[in-house]
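Engineer: Sequence:
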Amino acid sequence: MKLQFYGSHLCPKCVESQKILKEKGVEYEFIDVNGDLYNLKRFLAFWVQEDIFKPFREQAEKPDYADEGRIGLPCFRLEDGECTMDLDYVLTKV
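Using my numbering, the letters of the sequence shown correspond one by one to residues 1 to 94.
Hint data in this document are derived by calculation from the structure and do not stem from the laboratory.
In this text the structure is predicted, and so the values were computed from the model without any measurement.
Glycine included, every Cβ here is placed at the ideal spot set by N, Cα and C.
Heads up, a few of these hints could be off.
Here are the computed distance ranges between Cβ atoms for each label pair [what the hints assert, rightly or not]:
1. GLU61 - GLU29: 15 to 21 Å
2. GLU68 - GLY25: 33 to 39 Å
3. VAL15 - ARG57: 36 to 42 Å
4. ASP36 - THR92: 25 to 31 Å
5. VAL26 - PRO63: 24 to 30 Å
6. VAL48 - GLU23: 30 to 36 Å
7. ARG42 - ASP67: 22 to 28 Å
8. TYR38 - ASP88: 28 to 34 Å
9. LEU78 - GLU23: 30 to 36 Å
10. GLU27 - GLU68: 31 to 37 Å
In the DSS-like style, the derived pairs of lysine-lysine whose C-alpha atoms are separated by at most 27 Å in a straight line are [said to hold, decoys possible]:
11. LYS54 - LYS2
12. LYS62 - LYS2
13. LYS41 - LYS19
14. LYS54 - LYS41
15. LYS13 - LYS62
16. LYS93 - LYS22
17. LYS62 - LYS41
18. LYS22 - LYS41
19. LYS41 - LYS2
20. LYS2 - LYS19
21. LYS24 - LYS13
22. LYS93 - LYS41
23. LYS13 - LYS41
24. LYS93 - LYS19
25. LYS2 - LYS22
26. LYS93 - LYS54
27. LYS93 - LYS2
28. LYS93 - LYS24
29. LYS13 - LYS2
30. LYS24 - LYS2
31. LYS13 - LYS54
Use the sequences and the hints to build the structure in full.
Structural biologist: Right, dumping it as structure tokens:
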């Protein structure tokens, strides 16, 4: 399994991360969580369990979440299954 990149073309950080990965020649599978319901379900399947998303889950309980909240994108799943939102870390692992 190669690097999986969960993101959205609507997310500025995701767009910038794609640009950097392309410049570095990193191969990855881009999984657009906005473009396909199946992809969104794939993301949510581990979003509800992984500790790195706990702050986002807590934020989602607040009334202003839709206006101010983040969901944890970009998210990278490494070949060993580890999830991170840190592109610099990803670049040390690929």
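Engineer: State for each hint whether it applies.
Structural biologist: Consistency of the hints with the structure:
In this structure the hint that GLU61 and GLU29 lie 15 to 21 Å apart at CB is violated, the actual value being about 31 Å. At about 36 Å, the CB distance of GLU68 to GLY25 agrees with the hint of 33 to 39 Å. The hint said 36 to 42 Å for the Cβ distance between VAL15 and ARG57, and at roughly 25 Å that hint is violated. Separation of ASP36 from THR92 is about 30 Å and conforms to the stated range, judged on CB atoms against 25 to 31 Å.
Checked against the given bound of 24 to 30 Å, the beta carbons of VAL26 and PRO63, roughly 39 Å apart, lie outside it. Between VAL48 and GLU23 the CB atoms are about 33 Å apart, so this pair conforms to the stated range of 30 to 36 Å. The hinted range of 22 to 28 Å is satisfied by ARG42 and ASP67, whose Cβ atoms lie roughly 26 Å apart. Under the hint 28 to 34 Å, the C-beta atoms of TYR38 and ASP88, about 30 Å apart, fit the expected range.
Checked against the given bound of 30 to 36 Å, the beta carbons of LEU78 and GLU23, roughly 19 Å apart, lie outside it. Here the CB-CB span from GLU27 to GLU68 is close to 34 Å, well matched to the stated 31 to 37 Å. Only pairs whose Cα atoms come within 27 Å are accepted, and LYS54 paired with LYS2 is accepted, the gap being roughly 25 Å. Our distance criterion of 27 Å between C-alpha atoms is broken by LYS62 and LYS2, whose separation comes to about 35 Å.
Note on LYS41 and LYS19: the hinted pairing holds, with a Cα-Cα distance of about 25 Å set against a maximum of 27 Å. Straight-line distance between C-alpha atoms of LYS54 and LYS41 comes to about 18 Å, which keeps the hinted pair within the 27 Å bound. In summary, the hint linking LYS13 to LYS62 is supported, as the alpha carbons are separated by about 23 Å, within the 27 Å threshold. Proposed proximity of LYS93 and LYS22 is supported: the alpha carbons are some 16 Å apart, at most 27 Å.
A distance of roughly 22 Å separates the Cα atoms of LYS62 and LYS41; the hinted pair therefore holds under the 27 Å criterion. The suggested pairing of LYS22 with LYS41 holds, with an alpha-carbon distance near 26 Å, which does not exceed 27 Å. Distance check on the hinted pair: LYS41 and LYS2 sit about 20 Å apart at the alpha-carbon level, within 27 Å; holds. Restraint check for LYS2 and LYS19: satisfied, since their Cα atoms lie roughly 18 Å apart, inside the 27 Å limit.
Restraint check for LYS24 and LYS13: the C-alpha separation of about 16 Å stays at or below 27 Å, so the hint holds. This hinted pair checks out: LYS93 and LYS41 have alpha carbons roughly 26 Å apart, not beyond 27 Å. Straight-line distance between C-alpha atoms of LYS13 and LYS41 comes to about 21 Å, which keeps the hinted pair within the 27 Å bound. Straight-line distance between C-alpha atoms of LYS93 and LYS19 comes to about 18 Å, which keeps the hinted pair within the 27 Å bound.
Using a Cα cut-off of 27 Å, the hinted pair LYS2 and LYS22 holds, with the two alpha carbons roughly 14 Å apart. Among the hinted pairs, LYS93 with LYS54 is consistent with the structure: their alpha-carbon atoms are about 23 Å apart, no more than 27 Å. Taken as a hint, the LYS93 and LYS2 pair is honoured in the structure, with Cα atoms around 11 Å apart against an allowance of 27 Å. Restraint check: the Cα-Cα separation between LYS93 and LYS24 comes to about 13 Å, which is no more than 27 Å; the hinted pair holds.
With a C-alpha separation of about 21 Å, the suggested pair LYS13 and LYS2 falls inside the 27 Å cut-off, and the hint holds. Using a Cα cut-off of 27 Å, the hinted pair LYS24 and LYS2 holds, with the two alpha carbons roughly 15 Å apart. The hinted pair formed by LYS13 and LYS54 meets the criterion: a straight-line CA distance of about 20 Å does not exceed 27 Å.
Taken one by one, the earlier hints fail for this structure at numbers 1, 3, 5, 9, 12, listed in ascending order.
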